[in-house]
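Student: Put chain B with the ligand on the given structure of chain A with help from the hints.
Protein sequence lines correspond, in order, to chains A and B.
Numbering follows the working numbering, with no gaps: position 384 of the first sequence is 384.
Numbering follows the working numbering, with no gaps: position 130 of the second sequence is 130.
Note that these hints are calculated values from the structure, not bench results.
Keep in mind that the hints are not guaranteed to be accurate.
Stated by the list, open to error - Here are the computed distance ranges between Cβ atoms for each label pair:
hint: 1; chain 1: B; residue 1: Y96; chain 2: A; residue 2: N330; range: 17 to 23 angstroms
hint: 2; chain 1: B; residue 1: T30; chain 2: A; residue 2: S393; range: 52 to 58 angstroms
hint: 3; chain 1: A; residue 1: Q335; chain 2: B; residue 2: I50; range: 32 to 38 angstroms
hint: 4; chain 1: A; residue 1: K367; chain 2: B; residue 2: R246; range: 49 to 55 angstroms
hint: 5; chain 1: A; residue 1: N321; chain 2: B; residue 2: K40; range: 51 to 57 angstroms
hint: 6; chain 1: A; residue 1: Q305; chain 2: B; residue 2: V234; range: 29 to 35 angstroms
hint: 7; chain 1: B; residue 1: P34; chain 2: A; residue 2: S392; range: 55 to 61 angstroms
hint: 8; chain 1: B; residue 1: K65; chain 2: A; residue 2: H306; range: 43 to 49 angstroms
Glycine included, C-beta positions come from ideal geometry on N, C-alpha and C.
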Amino acid sequence: MDFDRIKEKLNILADAAKYDVSCSSSGSKRTNTKKGLGDSSGMGICHSYTQDGRCVSLLKILLTNHCIFDCAYCVTRKSNDIKRAAFKVQEVVDLTISFYRRNYIEGLFLSSGIFKSPDHTMERLIRVAKKLREEENFNGYIHLKSIPGASDELMREAGLYADRLSVNIEIPTKSGLKLLAPEKKHEDFMKPMEKVKNEIIQYKSESKLIKSTPKYAPAGQSTQMIVGATGESDRDIMYSSAFFYKNYNMKRVYYSGYVPISNDPRLPALGTQVPMMRENRLYQTDWLMRFYGYDVRELLNNDFQHLEMDIDPKLSYALRNRHLFPVDINKVDRQLLLRVPGIGLKSVNKILQARKFRKLNWEHLQKIGISMNRAKYFITCDAREKELKDVSSENLKQLIIQNSFSKYRKEFNQQLSLF
Amino acid sequence: MKSVVLKYDGSFPGFLTCVFNAYEQKLEITEIIPEGEDQKQLFSETLEVITEDFKVQRVLKSLKKKLSSNGVKRLYYSFLSEIPGIELKMYDMIRYVYSSQEKAELDYSHPSVLDISKAAKQVGREKHRMEAFIRFRLTKDDLYFAVIEPDFNVLPVITKHFKSRYADQRWLIYDLKRKLGVHYDLQKAEYVSMELPEDIGISGGNPDYFAEGEIYFQHLWKEYFDSTNIKSRVNMRLHIQHVPKRYWKYLSEKSPFA
Ligand code: SF4
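Bound conformation, chain A alone:
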């Protein structure tokens, strides 16, 4: 191996891939049989974290950053004056194996700029995955990013070697896409998704009949949307998201706050802050939809198009729906318990278990670990009422915000509080 050359390529091609936020490696069931290398039967593992706090679990690189397209939001775009590089198929295989054996990674996330044609590019990505599986007996995780416009035939083959496939929708609205990537068609994104969805369904039903059916993209498919590049609302974004979850059996939708990379008049100027808080609120909303049983229309709708930045969407929902509260911790059903601010999934389960033994009071709840600071305004339990029935939602919000700040303020102001 020519280490210096590889190092340079790695530098360029990891750098270009870093804006893709889909990095999780969970959800696949590929157990190590016949004493091969690797196992993805457990939850994915984050082996490290970048300085910006994101999980590193996969070797995430581009095969090449040469591209014939010119999407405005992308560093790899044709018109961008940057160093270009390309990995050989074998180089990616060797890197993946060497990193995996040292326990640096859970597997590979391979994406690419489009060189020559979508099919040509897709075919090369598949060759990497196939080599890893067939020549290296590798059972670690492989995520291939499908190239928009790739043929059905190649999409079908890709899923036989990859654990997850993704097509990044990138821009959540059609109009936004038209503006920023005029050469690309909305259908180019949808078609591969449709194909993958159908293949997954087909393989699932076949494997019920025939035991030896190979697995097809066992971890499903995911997509990514860039947030804040065009003027879309939070509602637009989450409705797209809900659409993908529902119609394409999407496993995950990722939200990526737009990082300004050029001075294109169509885009936020260089130096514009990355909308990280907004991104965070979108993930929280996504989480509420997937695990807490909220319908997207409860969280965002025509009257409420933008998430609140100063409070999380769950608290925001509760404050907009005061008529549902307070609920009696010892009686209320799971569904509503899940909607109490300050009570998470795990605490809900603990409460449901513990209340079979005795009526719970404030002290029990505190020990279970719920955040009393918020929860207390929305619940009653086996003790005297805490307070505040007829405070307005706006005042309650301010009160909660103040309380959660004062927790920190106290640490800094210890001397003052002596008096």
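Tutor: Showing chain B with the ligand alone in chain A's frame:
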């Protein structure tokens, strides 16, 4: 009832034997301590407990009846926490479980149940971190070698993970703090204890011991790590929360490579 302090060999079977003896002899236990540690109770009598397999099996069997497999696992994990005094809490929880109707292990309003579940959770977290942060280095004789220094004794619970993941490579994970390692030889994983040469270090690729190219891969990995960072999004507080500083010396991506 006699009130006594139990001294045992510090192993999990040893602890289970304590439970057996306590019930059999109707003892009132004030402390359960591993050998080599001093008791706090000045006026209690001390009983030495000899680990006996049939007692271990009996207690395990009855525990499995009263607890879910998760409950048993939680007990074991909390034991591995090595938190001083954890044995007595485990014993207290076991008594509570035996004395009550089913599913008492989930009664988080009971103090020892809650404490045990917290300790188990801490151990579980460290197990998970070790599975993530272990970095193998390839030695000259084709062994993937790693050292660790975990707060809790997680070696017994991470072995399975590495065994199924690295079935086709020989590896050794060594716990410096407890001077105990697990060695996998392509067939089975076994505990080993050994003296490590001082200059083998915890990262880097000393050519006396490590394969040619080993250090390059550490450099490549660091290179990769640095390239994935998005400068406009740096959040060191979050970074340190995920990768606590005490682990840094084991991570080649955090190594200064002087
Ligand atoms: S086709 Fe893909 S890689 Fe090429 S410019 Fe567009 S987004 Fe970037």
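Student: Next, verify each hint and record whether it holds.
Tutor: Taking the hints in turn, this is what the structure says about them:
1. A beta carbon spacing of about 22 angstroms between Y96 (chain B) and N330 (chain A) agrees with the range 17 to 23 angstroms that was offered as a hint.
2. Checked against the given bound of 52 to 58 angstroms, the beta carbons of T30 (chain B) and S393 (chain A), roughly 54 angstroms apart, stay inside it.
3. The supplied range of 32 to 38 angstroms is broken by Q335 (chain A) and I50 (chain B), whose beta-carbon atoms lie about 54 angstroms from each other.
4. Range check, K367 (chain A) to R246 (chain B): Cβ separation about 28 angstroms, and the 49 to 55 angstroms hint is violated.
5. Separation of N321 (chain A) from K40 (chain B) is about 53 angstroms and conforms to the stated range, judged on CB atoms against 51 to 57 angstroms.
6. Under the hint 29 to 35 angstroms, the C-beta atoms of Q305 (chain A) and V234 (chain B), about 31 angstroms apart, fit the expected range.
7. The hinted range of 55 to 61 angstroms is satisfied by P34 (chain B) and S392 (chain A), whose Cβ atoms lie roughly 59 angstroms apart.
8. Between K65 (chain B) and H306 (chain A) the Cβ separation comes to about 55 angstroms, which falls outside the hinted range of 43 to 49 angstroms.
When the structure is compared with the earlier hints, violations turn up for hints 3, 4 and 8 and for no others.
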